[in-house]
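Novice: Residue numbers (my numbering), protein chains in the order written: chain A, 35 to 371; chain B, 35 to 371.
If you are wondering where the hints come from, they were derived from the structure by calculation, not from laboratory data.
Just so you know, not all the hints are guaranteed correct.
It does not matter which identical chain is meant; a pair holds if it fits inside one copy or across any two.
List time: in silico DSSO-like cross-link candidates among lysine-lysine, alpha-carbon distance up to 27 Å [unchecked claim]:
1) 88 to 100
2) 172 to 367
3) 100 to 138
4) 138 to 164
5) 172 to 293
There are 2 protein chains.
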Amino acid sequence: MTALTLRTPYLLFVGSETEPIYAKTAAGLAQWAPEKCMGQLGLPGGTIDLGLPKHDVATAAAAGAKSLVVGTSAVGGAIPAEWMPTLLNALLHGMDIVAGVHTKLNDIPELVAAANESGARLVDVRVPPKDIPVGSGKKRTGKRLLTVGTDCALGKKYTALAISNRMVERGFSADFRASGQTGIMIAGSGIPIDAVVADFLSGAAEMISPNADQDHWDVIEGQGSLFHPGYSSVSTGLLVGSQPDAFVVCTEALRTHIKGWPDFELPSIQAVIDRTIDLAKVVNPNIHCVGISVNTSPLPEHERAAYLENLSSLYGLPTMDPLQSGVDAVIDKMTNA
Amino acid sequence: MTALTLRTPYLLFVGSETEPIYAKTAAGLAQWAPEKCMGQLGLPGGTIDLGLPKHDVATAAAAGAKSLVVGTSAVGGAIPAEWMPTLLNALLHGMDIVAGVHTKLNDIPELVAAANESGARLVDVRVPPKDIPVGSGKKRTGKRLLTVGTDCALGKKYTALAISNRMVERGFSADFRASGQTGIMIAGSGIPIDAVVADFLSGAAEMISPNADQDHWDVIEGQGSLFHPGYSSVSTGLLVGSQPDAFVVCTEALRTHIKGWPDFELPSIQAVIDRTIDLAKVVNPNIHCVGISVNTSPLPEHERAAYLENLSSLYGLPTMDPLQSGVDAVIDKMTNA
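Please work from the sequences and hints to get the whole structure.
Specialist: Written out as structure tokens, the structure reads:
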């Protein structure tokens with residue numbers, strides 16, 4: 035009964051991909067977990083360049099690669115036939131295969147047979163571990179920050195990564211804790227919270243951030259939104275199980291409605307703050323908001339700084355775009371509180 | 035993509051059980067769905083009497099029984115070997131087997147083979163249907179009432195059953211809608227909401243109570259509690275997907291803490307009312323509380339009426355114990371609103 039744990043370093047597999055948008059898993063890993071990425075491997079015709087050394091399976095294995103990570107997605111989330119010789123070869127060299135695509139590695143008999151033979155693992159990061167317990171609600175040691183959102187897809191993962199990376203740079207004890215598939219690959223462990231059966235959601239969230247030293251911070255990747263008509267239960271379970279001491283509200287400039295749900299207005303930042311505290315105070319009465327993180331990319335560049343300053347004075351909170359500006363003010367607020 | 039639907043009438047199987055507590059599924063069916071229960075079948079040594087005609091498989095099949103329902107639970111939720119000849123015989127007679135015990139019927143090769151041969155079905159009511167969509171949040175036609183709770187196991191199912199049955203008696207168009215395994219057997223259809231994968235929780239709740247005539251009421255069985263440290267996400271998804279017009283708060287006299295979570299105080303009825311409205315108003319701005327349902331059995335009998343009257347004047351709402359008193363006041367309030 036543990037979270038998924040991946041073996042590193044990774045060899046990033048990008049197939050014969052030519053469009054960077056489809057190789058965004060590989061690009062995210064190269065950006066956020068460069069220390070885990072020993073190289074990349076493509077197929078003839080591919081043009082993706084992650085800025086990493088290029089290896090074939092044999093040289094990667096000889097150089098210590100422990101997992102081949104599928105870093106691109108094919109049409110329909112399949113495992114194309116042209117990938118199979120590479121995947122089988124990696125297994126024969128003892129490397130795990132790690133993938134988060136729709137088709138499960140463990141449903142492909144050829145791969146299962148090769149993995150059984152070599153002792154390597156097929157790791158489907160979309161599949162949660164078995165035997166997750168029901169949430170206990172018991173207070174755990176250590177400190178936790180959770181990123182929450184006004185909606186999906188507006189920077190909860192990147193905000194958590196930016197904060198945890200910067201905390202480590204500044205000498206704090208901190209870990210990024212992943213709740214989604216790309217985050218799991220970046221962190222090397224975690225649970226895909228949206229794939230967990232309902233009864234065990236907050237239990238899974240409790241597993242993601244276990245007991246830790248009193249001054250240690252787990253910086254937890256949020257999911258969805260408490261106001262989302264489809265996913266609010268995921269966000270609720272993650273919040274209650276995370277029992278955060280601090281949270282950052284993530285939003286996107288100019289977004290007015292829930293993405294893909296045009297009948298639902300985006301909640302206000304204040305509404306998100308209030309509900310987050312309301313739902314979580316039963317598991318952590320000290321919970322408080324320490325900042326606002328905004329994806330300002332929809333704004334013209336010259337308007338972004340003023341937009342952030344305006345929000346900051348409106349809410350009296352540190353406000354930043356984690357891809358544009360620093361996160362030090364948030365870290366100061368969470369660690370001085 | 036539909037909710038589970040069971041074939042009726044049922045033959046209730048109680049094995050060789052002698053303790054009524056273990057046959058509570060059968061007893062609940064005989065009490066709440068007598069029109070669906072054509073008889074009972076026991077094994078030698080059993081003493082359970084549900085007040086139904088006693089049949090063997092052949093006479094039940096000849097009399098039209100369409101499903102043999104496992105109405106008792108054995109140690110560990112297993113299917114004991116002594117049940118197998120009866121189950122196989124029912125399948126050979128074309129009857130479905132329906133069970134909600136821990137061991138899945140579909141994991142027992144002998145049963146699967148017999149079902150394939152006869153064309154009968156093995157229905158594990160703990161297993162949700164595949165291909166549940168993400169919740170849309172779209173307003174559906176018809177009216178809905180949801181029972182919500184201060185905690186688990188304090189009468190949400192029975193309250194919903196009492197209300198829907200009495201509504202039908204009084205000539206209203208109403209259906210009981212089930213979200214748990216016993217409820218599904220009673221209703222003949224439904225989805226075990228706590229077994230649904232997190233991303234699809236509110237979508238499952240939307241399937242449970244589909245579009246209906248404008249004056250029709252779906253009376254939906256609630257699950258868990260919005261304040262529960264383990265199960266609040268289940269309750270949240272069910273609430274948001276149900277988009278109820280009306281709700282009844284269910285509680286138990288003298289209960290002070292969440293059952294099994296002694297560190298968590300029971301929320302107040304007012305707190306449950308407030309949070310229920312707060313979370314659901316985005317999908318139904320008309321949501322309102324129409325009553326309080328109390329399991330008064332922990333009180334001495336002579337104190338129960340005064341307890342209910344006191345609550346009623348405190349909250350200004352109809353208040354009842356659905357197993358002791360009538361539910362007409364709640365029905366009047368929901369249908370006159």
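Novice: Compare the structure with each hint and give your call.
Specialist: Hints, one by one, checked against the model:
Only within a single protomer do residue 88 and residue 100 lie at most 27 Å apart by alpha-carbon distance; the minimum there is 16 Å, versus 64 Å between protomers. With identical chains, the CA atoms of residue 172 and residue 367 are at most 27 Å apart within one copy only, with a shortest distance of 26 Å there and 40 Å across copies. Proximity of residue 100 to residue 138 under the C-alpha cut-off of 27 Å is restricted to the intra-copy arrangement: shortest distance 20 Å within a copy versus 37 Å between copies. Taking CA atoms no more than 27 Å apart as the test, residue 138 paired with residue 164 passes in both settings, with 16 Å inside one copy and 16 Å between copies.
Proximity of residue 172 and residue 293 under a CA criterion of 27 Å is satisfied inter-copy only: 14 Å between copies versus 35 Å inside one chain copy.
Checked against the numbered hints above, the structure violates none of them.
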